Amino acid sequence: MILYALRRLAAAAAILLVICAATFAIFYLMPADPAQGACGKACSPERIAQIRATLGLNHSVVTQFRDYLVGIVAGRTYGTGAQVVSCPFPCLGFSFQTNEPVWRMLTDRLPVSVSIAVGAAVLWLAVGVTAGVVSALCRGSLWDRAAMVAALGGVSLPIYFTALVLQYLLVVKAGLLPYPQAVSLTADPVGWAESMVMPWIALAMLYAGVYARITRGEMLESLGQNYVRTARAKGLPEPTVLRRHALRPALMPIVTIFGMDLGALLGGALITESVFGLPGVGKLAADAINSADQPVILGVTLFAAGFVVLANVSVDLVYAALDPRVRAVG
Amino acid sequence: MTLLTVRGLSVDFLSGVRAVDGLDLELAAGRVLGVVGESGSGKSVTSLAVMGLLPPDARVTGEVRFDGRELNGVGQRTLRGLRGNRIAMIFQDPLSCLNPYYPVGFQVAEAYRAHRRAGRRAAHRVAVRMLERVGIPEPERRARAYPHEFSGGMRQRVMIAMALCLEPDLLIADEPTTALDVTVQAQILDLLRDLRERSGTAIMLITHDMGVVAGLADDVVVMYGGRAVERGTVRDVFYRPRETYTKGLLACVPRVDGPLPVRLPTLRTPVTAAGEASEVTV
Amino acid sequence: MNPPVLEASDLVKRFPVRHGLTRRLVGHVTAVDGVSLCVEPGQTLGVVGESGCGKSTVARLLTRLVEPTSGTIRVAGRELTALDEVALRPVRRDLQMVFQDPFSSLNPRQTVQQILASPYLYQGLKPKEPVEELLERVGLRPEHAARYPHEFSGGQAQRVGIARALAPRPKLVVCDEPVSALDVSVQAQILNLLKDLQEEYGLAYVFIAHDLGVVRQISARVAVMYLGAIVETADRDTLFSHAAHPYTHALLSAVPLPDPDAERSRERITLRGDLPSPLHPPSGCPFRTRCPKAADRCAAERPALQAIATGHEVACHYPEPLSAERTS
Numbered sequence: 001m002i003l004y005a006l007r008r009l010a011a012a013a014a015i016l017l018v019i020c021a022a023t024f025a026i027f028y029l030m031p032a033d034p035a036q037g038a039c040g041k042a043c044s045p046e047r048i049a050q051i052r053a054t055l056g057l058n059h060s061v062v063t064q065f066r067d068y069l070v071g072i073v074a075g076r077t078y079g080t081g082a083q084v085v086s087c088p089f090p091c092l093g094f095s096f097q098t099n100e101p102v103w104r105m106l107t108d109r110l111p112v113s114v115s116i117a118v119g120a121a122v123l124w125l126a127v128g129v130t131a132g133v134v135s136a137l138c139r140g141s142l143w144d145r146a147a148m149v150a151a152l153g154g155v156s157l158p159i160y161f162t163a164l165v166l167q168y169l170l171v172v173k174a175g176l177l178p179y180p181q182a183v184s185l186t187a188d189p190v191g192w193a194e195s196m197v198m199p200w201i202a203l204a205m206l207y208a209g210v211y212a213r214i215t216r217g218e219m220l221e222s223l224g225q226n227y228v229r230t231a232r233a234k235g236l237p238e239p240t241v242l243r244r245h246a247l248r249p250a251l252m253p254i255v256t257i258f259g260m261d262l263g264a265l266l267g268g269a270l271i272t273e274s275v276f277g278l279p280g281v282g283k284l285a286a287d288a289i290n291s292a293d294q295p296v297i298l299g300v301t302l303f304a305a306g307f308v309v310l311a312n313v314s315v316d317l318v319y320a321a322l323d324p325r326v327r328a329v330g
Numbered sequence: 001m002t003l004l005t006v007r008g009l010s011v012d013f014l015s016g017v018r019a020v021d022g023l024d025l026e027l028a029a030g031r032v033l034g035v036v037g038e039s040g041s042g043k044s045v046t047s048l049a050v051m052g053l054l055p056p057d058a059r060v061t062g063e064v065r066f067d068g069r070e071l072n073g074v075g076q077r078t079l080r081g082l083r084g085n086r087i088a089m090i091f092q093d094p095l096s097c098l099n100p101y102y103p104v105g106f107q108v109a110e111a112y113r114a115h116r117r118a119g120r121r122a123a124h125r126v127a128v129r130m131l132e133r134v135g136i137p138e139p140e141r142r143a144r145a146y147p148h149e150f151s152g153g154m155r156q157r158v159m160i161a162m163a164l165c166l167e168p169d170l171l172i173a174d175e176p177t178t179a180l181d182v183t184v185q186a187q188i189l190d191l192l193r194d195l196r197e198r199s200g201t202a203i204m205l206i207t208h209d210m211g212v213v214a215g216l217a218d219d220v221v222v223m224y225g226g227r228a229v230e231r232g233t234v235r236d237v238f239y240r241p242r243e244t245y246t247k248g249l250l251a252c253v254p255r256v257d258g259p260l261p262v263r264l265p266t267l268r269t270p271v272t273a274a275g276e277a278s279e280v281t282v
Numbered sequence: 001m002n003p004p005v006l007e008a009s010d011l012v013k014r015f016p017v018r019h020g021l022t023r024r025l026v027g028h029v030t031a032v033d034g035v036s037l038c039v040e041p042g043q044t045l046g047v048v049g050e051s052g053c054g055k056s057t058v059a060r061l062l063t064r065l066v067e068p069t070s071g072t073i074r075v076a077g078r079e080l081t082a083l084d085e086v087a088l089r090p091v092r093r094d095l096q097m098v099f100q101d102p103f104s105s106l107n108p109r110q111t112v113q114q115i116l117a118s119p120y121l122y123q124g125l126k127p128k129e130p131v132e133e134l135l136e137r138v139g140l141r142p143e144h145a146a147r148y149p150h151e152f153s154g155g156q157a158q159r160v161g162i163a164r165a166l167a168p169r170p171k172l173v174v175c176d177e178p179v180s181a182l183d184v185s186v187q188a189q190i191l192n193l194l195k196d197l198q199e200e201y202g203l204a205y206v207f208i209a210h211d212l213g214v215v216r217q218i219s220a221r222v223a224v225m226y227l228g229a230i231v232e233t234a235d236r237d238t239l240f241s242h243a244a245h246p247y248t249h250a251l252l253s254a255v256p257l258p259d260p261d262a263e264r265s266r267e268r269i270t271l272r273g274d275l276p277s278p279l280h281p282p283s284g285c286p287f288r289t290r291c292p293k294a295a296d297r298c299a300a301e302r303p304a305l306q307a308i309a310t311g312h313e314v315a316c317h318y319p320e321p322l323s324a325e326r327t328s
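Going down the list, the sequences are from chains Y, S and V. Reminder that position 129 of the first sequence reads as 129 in the UniProt record's numbering, one-by-one numbering, no gaps. Reminder that position 32 of the second sequence reads as 32 in the UniProt record's numbering, one-by-one numbering, no gaps. Reminder that position 145 of the third sequence reads as 145 in the UniProt record's numbering, one-by-one numbering, no gaps.
Bear in mind the hints are in silico, worked out from the structure with no lab data behind them. Every value quoted in this text rests on a predicted model; they were computed, and no experiment measured them. Among the clues, some could well be false.
[As the list claims (entries may be wrong)] Okay, the calculated beta carbon distance ranges per label pair:
1) Ser141/Y x Val29/V: 47 to 53 Å
2) Asn226/Y x Gly22/S: 24 to 30 Å
3) Ile15/Y x Leu279/V: 50 to 56 Å
4) Val29/V x Arg248/Y: 49 to 55 Å
5) Arg169/V x Leu137/Y: 54 to 60 Å
6) Arg169/V x Val262/S: 23 to 29 Å
7) Arg169/V x Glu243/S: 21 to 27 Å
8) Ala82/V x Thr178/S: 57 to 63 Å
9) Leu137/Y x Thr2/S: 46 to 52 Å
Cβ coordinates follow ideal geometry from the N, Cα and C atoms, glycine included.
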């Protein structure tokens with residue numbers, strides 16, 4: 001089991017390295033000159049040359065990539081002589097726009113993204129899985145059909161639409177909630193929750209439908225398994241039959257997609273954060289793309305990829321812990 | 001004493017298929033009743049009807065009396081109290097019948113705890129004892145193993161341990177050896193013979209294999225198209241069959257002993273109300 | 001005497017076992033371990049054994065659906081293992097196969113007409129006889145040609161499978177458990193059909209099955225396999241009345257007889273335990289772990305397949321004496 005975990009982690013590290021290289025290559029091949037971007041519009045050729053030297057852009061691409069990697073794992077310095085700027089571990093460079101370290105920008109915005117992702121995940125899991133289980137148990141009933149139509153609706157509505165409708169209804173019309181803003185959970189829990197409710201609902205609507213449909217399908221499949229018949233033949237109470245012998249196997253695929261979805265969201269919910277104006281990692285990415293802030297884009301990409309890879313590893317490990325057959329194969 | 005009486009049992013599915021058509025059966029305590037037939041004869045549907053385990057789209061009519069009590073039409077609560085407790089069942093494919101996510105010891109103990117007030121520990125001890133009784137080596141260690149870590153024969157032993165841990169009056173064995181290799185089948189049949197002698201459990205043995213019935217059953221019912229076409233003691237049915245269908249069924253099995261026919265006789269099927277028997281899968 | 005239609009010698013098939021992320025090789029499973037077979041024209045060789053004994057792999061090796069690791073196969077005197085795909089094609093006509101599950105081996109989107117005519121299409125030949133006649137040969141009606149496989153019962157579909165194998169007029173048909181998915185009454189019909197076709201066309205069969213009764217019914221010679229190797233081979237009557245290998249004995253005594261008195265009174269050899277893992281086969285004789293007669297020599301030395309009488313070969317250090325009667 002430990003060996004298995006180590007192997008999965010080694011594989012994850014390799015994948016991250018590949019992503020890193022690919023992202024770096026894309027930015028290197030882009031026509032825009034990073035020095036120009038760093039310096040701004042009105043910039044003298046001397047200044048550009050100086051920036052090129054400081055950022056190490058005169059070196060070969062391999063050297064630049066190596067320096068970038070060293071920066072991430074050990075920190076690095078930019079420039080030489082009097083103009084040395086030190087960038088401590090983990091160094092993802094500095095924003096062209098604000099000159100802030102990219103790593104600090106990311107960590108500053110992470111709590112907002114995590115709040116949105118985790119809250120929405122709890123909501124969609126609760127609603128989606130419950131609806132799916134009930135649908136499977138009352139297959140063909142009015143509830144089943146209504147729930148599945150609603151699920152399809154939730155999946156097909158774009159998030160910027162539901163977000164705007166929610167804001168209009170809950171904030172403008174009913175006045176129940178304030179406009180969302182970044183509120184710290186520890187400083188003001190109520191204000192935090194009030195700001196987060198709408199993004200949670202908007203995101204959960206999108207995902208709950210998918211989860212309800214998958215849960216229903218998996219549940220119907222596991223209900224048809226022979227071991228469910230065995231459980232009934234043993235005389236187990238029906239709730240035990242359903243929970244132990246039908247639901248548990250049905251939840252296995254849910255674990256997989258849940259891990260992936262949550263991992264992707266932790267790296268920033270780009271549209272949701274932008275629509276609600278919440279300063280999370282996704283909003284940072286959107287802003288950086290608009291202003292061609294290359295170090296930030298590179299940083300956000302790697303950061304998000306890191307979460308996805310981490311989620312993948314976690315899913316594999318959780319799966320191995322839950323499924324004895326996977327454990328055996330190792 | 002009669003343990004199980006089935007009178008005029010019919011099972012209709014919503015699709016319009018009548019899988020069982022006015023069946024009568026009788027099984028005395030401690031006896032072994034062999035129910036033989038080809039696929040679509042309704043033998044498996046009959047066993048599930050007795051257990052009350054048919055899918056909701058099946059309509060069961062007729063009488064199923066177990067130990068003097070009518071079972072058809074009673075609530076799930078009553079049935080649940082009997083299932084696993086006084087009537088247990090084993091199936092054809094032991095791998096798919098065991099839950100892959102739980103150790104086998106847990107699954108045996110689960111059956112015990114469903115009907116007896118027992119703590120986890122006590123139930124586990126019962127499970128280990130049962131696994132030992134059905135011939136699983138190192139039962140203490142193997143109880144913590146998962147179904148995929150067992151061979152086919154060992155899995156069927158686990159199923160038998162699960163079925164017998166509450167010492168039921170009736171064991172319904174639905175094709176218990178069909179998925180197994182012949183040498184393993186011989187082991188399982190030996191085990192069933194042995195358990196029957198020691199515990200006195202009555203067995204309803206459902207199979208397509210005339211050889212399995214010949215070795216284990218006291219009485220035999222031959223089913224075709226949802227009906228019993230012939231019934232009697234095992235010697236009557238095998239040595240003095242009255243129906244041409246039974247004669248044909250006995251003659252068309254290629255045997256490893258005795259004279260060798262150049263061509264196997266083919267079967268003339270009896271005419272039933274429903275005409276051709278349709279295949280039913282449950 | 002005619003040359004054998006099939007001659008396989010010392011067939012070996014090892015499957016690599018890979019493990020982990022890098023798929024590194026951790027060992028081999030020897031599915032078939034030095035099997036030699038010979039089939040005369042118009043004759044049936046039965047190959048019998050329990051699951052995991054390698055009999056299905058033998059079927060796939062003979063038809064070159066699986067490449068052997070080593071060994072040679074000759075069909076009608078022609079060396080098969082040396083031929084490439086293109087050169088193999090005309091030989092394939094002589095060598096057809098019938099599978100266990102007719103539904104999964106027939107294309108569900110083709111009508112019977114298309115299924116039966118396609119071999120000629122690919123080989124660029126004219127059909128030897130109209131599809132309708134072929135269908136009648138296997139006991140189906142001409143109008144069945146327009147139907148799709150799912151419209152047939154199991155027995156009928158297997159008849160289509162047989163017609164498909166028969167269409168190119170092969171010399172040899174390899175049948176892999178062709179009746180084990182069928183009810184006994186249908187099974188009898190298919191066995192009779194196979195016998196009739198054998199007489200009519202002079203076909204030779206390699207008939208692979210786990211059911212000893214079925215194998216006895218159709219075979220002239222029988223080979224018994226255990227853990228990838230043949231442990232005994234003899235003509236049918238010798239094998240079923242004077243089996244010399246303890247495994248053959250155990251197999252025969254394990255088959256339940258449809259005869260209550262005989263079944264209850266006979267002495268039975270019940271084998272202990274399960275088949276050993278083919279990944280870690282036992283030393284010496286592969287059967288020694290379950291053999292009631294196993295001795296020290298069996299662990300040390302693997303017995304070779306040796307003739308104990310004309311046409312009767314056994315791989316055992318302590319075979320039953322020839323005069324011994326059957327145990328059942």
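Do the hints match the structure? See the list:
1. Ser141/Y x Val29/V: 47 to 53 Å: holds (50 Å)
2. Asn226/Y x Gly22/S: 24 to 30 Å: holds (29 Å)
3. Ile15/Y x Leu279/V: 50 to 56 Å: With Cβ atoms ~31 Å apart, the hint is violated.
4. Val29/V x Arg248/Y: 49 to 55 Å: violated (33 Å)
5. Arg169/V x Leu137/Y: 54 to 60 Å: holds (58 Å)
6. Arg169/V x Val262/S: 23 to 29 Å: With a Cβ separation near 25 Å, Arg169/V and Val262/S satisfy 23 to 29 Å, so the hint holds.
7. Arg169/V x Glu243/S: 21 to 27 Å: For Arg169/V and Glu243/S the Cβ distance comes to about 42 Å; the hint is violated.
8. Ala82/V x Thr178/S: 57 to 63 Å: Check failed, 43 Å falls outside 57 to 63 Å.
9. Leu137/Y x Thr2/S: 46 to 52 Å: violated (38 Å)
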